[in-house]
Amino acid sequence: MKFSSAGYLIKEGFKNIWNNRKMSLASIVVLVSCLIITGSASLISVNVSTLISKIGDDNELTVYLKYDLSDIDSIKIGPEIQKIKNIEQCTYYSKDEAIKEYKDTLGNIYESMQDEGNPFGNAYKIRLKDLSKYNDTVKQIKQINGVDSVSDRSDIAGKLTKLNYFVTLVGSWIVLILGIVTLFIISNTIKMTMYSRRYEISIMKSVGATNTFVRIPFIIEAMIIGLFSGLLAAGIIIAIYTPVRDAASGIVRLINTSTLTVGDIWLQTLLLMSGIGMIIGFAGGFISISKYLKKEGGEIIGW
Amino acid sequence: MIHLENVSKVYPNGTEALKNISIDIQDGEFVFIVGTSGAGKSTFLKLLMHEETATFGKIVVNGHNLMKIKKRRVPYLRRTMGIVFQDFRLIKNMNIFDNVAFAMRVIGTPEKDVKKTVYRVLELVGLKGKEKHRPGELSGGEQQRVSLARALVNNPKVIIADEPTGNIDPERSFEIMKILADINNQGTTVIVVTHEHDLVQEFGGRILRIDDGEIVEDKYLKTKYHKNTVSINNANSEINFEDDLSNGNEPSDNKNTIEEKEADA
Ligand SMILES: Nc1ncnc2c1ncn2[C@@H]1O[C@H](COP(=O)(O)OP(=O)(O)OP(=O)(O)O)[C@@H](O)[C@H]1O
Ligand SMILES: [Mg+2]
Chain L
1 MKFSSAGYLI KEGFKNIWNN RKMSLASIVV LVSCLIITGS ASLISVNVST
51 LISKIGDDNE LTVYLKYDLS DIDSIKIGPE IQKIKNIEQC TYYSKDEAIK
101 EYKDTLGNIY ESMQDEGNPF GNAYKIRLKD LSKYNDTVKQ IKQINGVDSV
151 SDRSDIAGKL TKLNYFVTLV GSWIVLILGI VTLFIISNTI KMTMYSRRYE
201 ISIMKSVGAT NTFVRIPFII EAMIIGLFSG LLAAGIIIAI YTPVRDAASG
251 IVRLINTSTL TVGDIWLQTL LLMSGIGMII GFAGGFISIS KYLKKEGGEI
301 IGW
Chain Z
1 MIHLENVSKV YPNGTEALKN ISIDIQDGEF VFIVGTSGAG KSTFLKLLMH
51 EETATFGKIV VNGHNLMKIK KRRVPYLRRT MGIVFQDFRL IKNMNIFDNV
101 AFAMRVIGTP EKDVKKTVYR VLELVGLKGK EKHRPGELSG GEQQRVSLAR
151 ALVNNPKVII ADEPTGNIDP ERSFEIMKIL ADINNQGTTV IVVTHEHDLV
201 QEFGGRILRI DDGEIVEDKY LKTKYHKNTV SINNANSEIN FEDDLSNGNE
251 PSDNKNTIEE KEADA
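Residue numbers (the working numbering), protein chains in the order written: chain L, 1 to 303; chain Z, 1 to 265.
If you are wondering where the hints come from, they were derived from the structure by calculation, not from laboratory data. Among the hints, erroneous ones may be present.
Calculated Cβ distances over 12 Å to all of chain L for the following chain Z residues [what the hints assert, rightly or not]:
#1 Asn-6
#2 Gly-63
#3 Lys-71
#4 Thr-80
#5 Phe-85
#6 Asn-93
#7 Met-94
#8 Asn-99
#9 Arg-105
#10 Glu-196
Under the rule of at most 20 Å between Cα atoms (straight-line distance), these lysine to aspartate or glutamate pairs were calculated in the DMTMM-like manner [unchecked claim]:
#11 L:Lys-83 x L:Asp-73
#12 L:Lys-15 x Z:Glu-111
#13 L:Lys-11 x Z:Asp-113
#14 L:Lys-15 x Z:Glu-131
#15 L:Lys-15 x Z:Asp-87
Here are some, though not all, of the chain Z residues that point toward chain L, as calculated from beta-carbon distances under 10 Å [stated by the list, open to error]:
#16 Ile-23
#17 Asp-27
#18 Lys-128
#19 Ala-151
Even glycine gets a Cβ: it sits at the ideal position worked out from N, Cα and C.
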């Protein structure tokens, strides 16, 4: 094939889309639906992952001081906790605050259990830099005089890590399966398109066109359809992302603060979707036309 | 040049369409192939353009040994021949101009040459002004002529036509045969399958009769349409033929060499 043909072949690819507009439209609808479903599954999985790791980051421990420790002594312990390397944040939480929060939480029920005195001791709320060093840090805190106990969250830390892993795994499988279904549907769509155009392919070959010459416009056509579908799917996802996220936040408030905003995802979504769309177009076009190119012409249409 | 040696074609379903055929067609000949329906005429043409492969024997067409030809070389074989199909084989999504131009674009002809040549050839077959029409908007006879234009446009060594006049009135048939005869007089080999006895009598040339897969007759009929006549091997004809001329082949010979080079590039 000569280079002078390039312009013609590219133009032909564009023309084909219009000439076969019904099939093009069908392909776009199928591809867009598949990309939206797969893309949404990916985004949900990524967001759940993010949510879980944010919860992990938020991990707050309570250091309970001995019940009879005076307020002054309690305050003195603060700097000592802060000296420990793995402590990110350490705030004093007096027994008065504790009882107040308790009252607020329980509301009316508390009224019925009045006058039993304040059952809480003073405490510190701390946050660790690195959750995996949990055990060491807790040991160091416990060695400080006046510390009674530290709330045990080692199991939660482990569980969150496991959950994150699980969500990633399940998410990947769902996306993989959807991806395979997508490819299947798309290859069928392309096969249908090709079948309706085998006559055309046969004619081109009987006039002396090389396989490459026949193939290039078909592949360009498929890639343009793929790119367009990718952009469309990305556009739709980006457009509905915020409303869906807001609606979900209405149910679980944490979502609002602990998941990705549209600003975080739009670029990746756009690039990935259009890239994947083009790759699917290329692969689908290449594979499905090969079947018809193998024939030498006459077998397809006969004389 | 076309050379067949003990060629048989058995279709997968067991039909023996051609039986041990040997024949040579020289460059510049004008050949009619006649015979009853199912005799094997189309099969013969399909073997030449490598749409079917022979079961036994040897076929050489324009320097390509078809028993050994590699798949990727088949397009280059086909570019040495222009084929007029009985069913036209026009691409319905392309207008008339593009259908004819396609054959030129396939071989990488620059667009400005495509334009010039296509307009000229469409005028030759009497389709001036129809360039922008789609095949579906033309009559059967007009589509036939588009198919002819596409076969002519690359100035091939050989024109092969399977019943090119099958769908048209006698007047138009005559015109198409006239074009083919003119082209033959410029040195192109022309092979025409037809059922029309009148046309064969009118235009003459070499006449091959195929019956039940065998060549049962090979004769020459001289008419006013053929300025040049060419030597015929294997001809069992009693009718006069001159074996002096092989002129007019030079341009197409050069063309073939160019394409061979391109094929190797
Ligand atoms: N693809 C095929 N598979 C099996 N048999 C075939 C095939 N093509 C042709 N035949 C058989 O081979 C024989 C010759 O067919 P061919 O098409 O060459 O005839 P023809 O001389 O062109 O006839 P017509 O004048 O009707 O076009 C016929 O018996 C036909 O049925
Ligand atoms: Mg036939």
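Hints and how they fare:
Distance check for Z:Asn-6 against chain L: the nearest CB is about 23 Å away, which clears 12 Å, and the non-interface claim stands. The claim that Z:Gly-63 is not at the interface with chain L holds, since no C-beta of that chain comes within 12 Å of its own (minimum 15 Å). Non-interface call for Z:Lys-71 relative to chain L: violated, since the shortest CB-CB distance, roughly 8 Å, does not exceed 12 Å. A beta-carbon of chain L comes within 12 Å of the beta-carbon of Z:Thr-80; the shortest separation is about 8 Å.
The beta carbon of Z:Phe-85 is not kept farther than 12 Å from every beta carbon of chain L, the shortest such distance being approximately 7 Å. For Z:Asn-93, the condition that its CB be more than 12 Å from all CB atoms of chain L is violated, with the nearest at approximately 4 Å. In this structure Z:Met-94 is not separated from chain L by more than 12 Å, as the shortest Cβ-Cβ distance comes to only about 8 Å. Annotated as non-interface, Z:Asn-99 brings its C-beta within 12 Å of a C-beta of chain L; the closest such distance is 9 Å.
Its closest Cβ contact with chain L, about 5 Å, brings Z:Arg-105 to no more than 12 Å, contrary to its assignment away from the interface. The Cβ of Z:Glu-196 lies farther than 12 Å from every Cβ of chain L, with a closest approach of about 18 Å, so its non-interface assignment holds. At roughly 17 Å between alpha-carbon atoms, L:Lys-83 and L:Asp-73 fall within 20 Å of each other, so this suggested pair holds. The suggested pairing of L:Lys-15 with Z:Glu-111 holds, with an alpha-carbon distance near 17 Å, which does not exceed 20 Å.
Restraint check for L:Lys-11 and Z:Asp-113: satisfied, since their Cα atoms lie roughly 18 Å apart, inside the 20 Å limit. Only pairs whose Cα atoms come within 20 Å are accepted, and L:Lys-15 paired with Z:Glu-131 is accepted, the gap being roughly 17 Å. Restraint check: the Cα-Cα separation between L:Lys-15 and Z:Asp-87 comes to about 25 Å, which exceeds 20 Å; the hinted pair is violated. Interface restraint check for Z:Ile-23: the shortest CB-CB distance to chain L comes to about 20 Å, outside 10 Å, so the restraint is violated.
At its closest, the beta carbon of Z:Asp-27 sits 19 Å from a beta carbon of chain L; the interface hint therefore is violated under the 10 Å criterion. With a cut of 10 Å, the hint placing Z:Lys-128 at the interface with chain L is violated, because the nearest CB-to-CB distance is about 22 Å. The closest approach between the C-beta of Z:Ala-151 and any C-beta of chain L is roughly 9 Å, which is under the 10 Å cut-off, so the hint is satisfied.
Of the numbered hints stated above, those contradicted by the structure are hints 3, 4, 5, 6, 7, 8, 9, 15, 16, 17 and 18, listed in ascending order.
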